[in-house]
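S.K.: Spelled out from the first residue to the last, the chains are:
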Amino acid sequence: KQEVTQIPAALSVPEGENLVLNCSFTDSAIYNLQWFRQDPGKGLTSLLLIQSSQREQTSGRLNASLDKSSGRSTLYIAASQPGDSATYLCAVVRWGQNFVFGPGTRLSVLP
Amino acid sequence: EPEVTQTPSHQVTQMGQEVILRCVPISNHLYFYWYRQILGQKVEFLVSFYNNEISEKSEIFDDQFSVERPDGSNFTLKIRSTKLEDSAMYFCASSPGSEAFFGQGTRLTVV
Chain A
43 KQEVTQIPAA LSVPEGENLV LNCSFTDSAI YNLQWFRQDP GKGLTSLLLI QSSQREQTSG
103 RLNASLDKSS GRSTLYIAAS QPGDSATYLC AVVRWGQNFV FGPGTRLSVL P
Chain B
967 EPEVTQTPSH QVTQMGQEVI LRCVPISNHL YFYWYRQILG QKVEFLVSFY NNEISEKSEI
1027 FDDQFSVERP DGSNFTLKIR STKLEDSAMY FCASSPGSEA FFGQGTRLTV V
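Those protein sequences? They're chains A and B, same order as listed. In terms of our numbering, the first sequence opens at residue 43 and continues consecutively. In terms of our numbering, the second sequence opens at residue 967 and continues consecutively.
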């Protein structure tokens, strides 16, 4: 059974810092890994999708990497801003199966 | 930009009542999902739907739950005889086969 963990559980940083969020999964036979952002009481906004054949994806100040063999992904946020404050979730999926989510990292960027 | 739409955004129901949560997936997507998130907990998979039938369901998705695609566009989750522990945010998602797109959720409160 696939298990997804995320470290740290919570993170508080001053504005402008670069930061790294970590995601680990136990079954490396994944098809995709997707990073989401969730604001309090809101839905899930897709940030980046990394397909199993890819090693990284970039969107603006966000960069996500994937190492399937070690069961790890990292989300790098450059020059953090208070508007980045949210919970960040990673989810993995095998072909034809459901997405399995991690518990999330709650990020707070202080002005 | 196409999006997944869920209604209602918030529903309060008495214990023992039936509720129907509605979702309009992105057109031309093939895979549909329901997830739930109890306050402060992980996003949990309930059921996936493909080719007009359930493709996978979790142990949570027991006889109390059912899904339908009544008219080829809407996708509904019915919860019969609601219990207090059914209180959660329910998310619908659709996918063309790779990236998942989530709705803003329905917050269900059972009193």
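Be careful, since some hints might not be right.
[To be verified] A few chain A residues that face chain B, going by a derived Cβ cut-off under 10 Å, partial list only:
id	residue
1	T87
2	S88
3	V135
[As the list claims (entries may be wrong)] Pair by pair, the computed Cβ-Cβ distance ranges are:
id	chain 1	residue 1	chain 2	residue 2	range
4	B	S1021	A	D109	27 to 35 Å
5	B	S1047	A	A121	46 to 54 Å
6	A	G83	B	G982	34 to 42 Å
Note that these hints are calculated values from the structure, not bench results. All C-beta atoms in this analysis are idealised placements derived from N, C-alpha and C, irrespective of residue type, glycine included.
S.K.: State for each hint whether it applies.
M.R.: Now for the hints, and whether the structure bears them out:
no. : hint                           : result
1   : T87                            : 8 Å, holds
2   : S88                            : 6 Å, holds
3   : V135                           : 8 Å, holds
4   : B/S1021 <-> A/D109: 27 to 35 Å : 29 Å, holds
5   : B/S1047 <-> A/A121: 46 to 54 Å : 51 Å, holds
6   : A/G83 <-> B/G982: 34 to 42 Å   : 26 Å, violated
Checked against the numbered hints above, the structure breaks only hint 6 and satisfies the rest.
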